[in-house]
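Asks: If you read the sequences in order, they're chains A and B.
Going by this note's numbering, the residue at position 29 of the first sequence is 18; the numbering climbs one at a time, nothing skipped.
Going by this note's numbering, the residue at position 359 of the second sequence is 558; the numbering climbs one at a time, nothing skipped.
Just the calculated beta-carbon pair ranges, DEER-fashion:
id, chain 1, residue 1, chain 2, residue 2, range
1, B, A599, A, P34, 35 to 45 Å
2, A, Q81, B, S327, 40 to 50 Å
3, B, L338, A, Y90, 15 to 25 Å
4, B, Y304, A, P34, 22 to 32 Å
5, A, G147, B, S454, 54 to 64 Å
Listed below are the simulated DSSO-like cross-link pairs for lysine-lysine, each with C-alpha atoms no more than 30 Å apart in a straight line:
id, chain 1, residue 1, chain 2, residue 2
6, A, K94, B, K559
7, B, K478, A, K149
8, B, K478, A, K88
9, A, K88, B, K518
10, B, K345, A, K57
11, A, K137, A, K57
12, B, K345, A, K94
13, B, K518, A, K94
14, B, K478, A, K137
15, A, K137, B, K345
16, B, K345, A, K88
17, A, K88, B, K559
18, A, K57, A, K88
19, B, K478, A, K94
20, A, K88, A, K137
Everything labelled a hint here was simulated from the structure, so no lab data went into it.
All residues carry an ideal CB built from backbone N, CA and C; glycine is no exception.
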Amino acid sequence: MNATSKRVVTFLWTVLWASLALHSPSIAQTSRGADIAVVVNADTPVAELSLSEVRKVLLGERQYWNSKLPVVLLIRAPAARERDVVLRVIYQMSESQFKQYWVAKIFRAEAASPPRIVYSNDMQYELLTAMPGAIAFVDSRNMRPGVKVLRVDGHMPGDKDYPLR
Amino acid sequence: MRRRLPVLVMMLFTAGAAGAQSSPPLDQAEQVRILLERVQQLEKRVAELETRQPVAPPPSEAATNVPTAPKPAMAEAAPPSAPAERHQHESAETQATVRQMESRYPSLQIRGFGDVDFSATDQKGTTSGFNLGQLDLHLASALSRKVTYFGELTFNAQPTGYTVEVERSIIRYDYNDYFKLSFGRYHTPIGYWNTAFHHGAWLQTTISRPDMIRIGGSFIPVHFVGFLAEGNIPSGGAGLSYNFGVGNGRGSIISRPGDAGDNNNNRAWVANLYSRPVKLYGLQLGISLYRDKITLPVVTATGNQFREWISAAHIVWAKENPEFLAEFANVNHKNILTSATTNNQAYYVQIGYRLPWFEKTLKPYYRFEHTHTPLSEQVFTNQDLVGSILGLRYDITNYASFKSEYRNTRRLPTEPRVNGAFFQTDFTF
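Put together the whole structure using the sequences plus the hints.
Replies: See the structure below:
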């Protein structure tokens, strides 16, 4: 095998490995389908919201559960499926539109800070239990005790007509 | 070649194994799904254990508490205490992160906006060239759970240097969603644009604001010093909200709001009511009223005091496929001495559309605007305008854009039309 042949073989293997890597389905792609539960701190005085009310909360148009309890928005970091569903179904925005929306929202003095970004389910649950008024969006297969799951449009995660999936 | 042969053999072997694993993509997807389910089961089990035992057990005990569920091969190979230690470590890290994310006061956030422009027109007496747009700093700081400060400063290029302007300085107390009270210097809540885009050019689709609310213009009082109450109105699907404010109104220079004090004993008031219907997410409809008494610095034979009524309406589709903005305002001036009345009207209609190609970075837009001031107008100098803008916005990144515009405008019927090309790059940082 001369040097040219070796380079060709090496090149072909590189291409093969690259294509294998590129065509491997990612975890995010394969985990589609589960409902996304709307979860709040257990002391939050709400048990049910309509989808439009959830949207108002996420858009920062509703900032208080009551006059003593502000809403604390928790949203998963980019690439998490929970965030994809929230952006697609509730915000109806792309990732960049979502970022621009919150820059503009704060600039208009309509909110003091954007939603808090959480990087894992553990962190999400810690914040949900530690922060009164916290609301988060959790894959319904990863539910844990100690928090309250809200009905959305009268449906719980797993129901046929549940809107967040 | 001898040295490379084992490497090639190894690559062949591993590639063959990988190929065997990945040749049917469905199998791989199934494997990933099974692994995900396994991870979720384990996460659930850890959560259950955590709730049963508030104090973390010794690693060996934790290992023995795990039921007889099948364990992954990797876990069997690891020392028995490693997963528990790792979990404890991760839990400590998470708790530290949670502590960091808890609210602290004051919590100052600063954001900046800037733009650089180029313009060239065929208007006689003008020159083409670059200019530095406004450098805009926005400050937001929560002082407590219910008290927040917002500020906005601009640095403006002038022939002899820069001027600094306090555009907004607001302290706000939130009682709840229905009542928020603030004091300071605002952008007057008349119409839509003035409170939606403020001074950051990056926030708006176009290069410039409509003429009726241009910075330094006088048609609409762009700024307002006083207090403002705002909030939502319980209205079900109508999604009503309001602003109501009382302040100094126009100053002696009518484009300015009398920051250092009113020039008469009459306070201006503004009321703004708008609806964001629940069923039509993206739609906003609104009406505004503004009442003031204007005292001009120069007294003429007909006096220098005028009553001003501004009535305005807007309809906006705030999405991008398409984006639609339309505003109308009527400014009524009544001379207190002679009762002579004039009405000035202005409106604009703007439409844009975010194209689905090139990763949705392109947004062409068009705006038509018209301003009319009658010859008998006593407060304004002539502000007549008929103009069209055709442009393209290209979002370079999430936080910077490039815009190019062609403008065709005419101020007075006797004057020729002016054609111009305008370019801008704007950003937030």
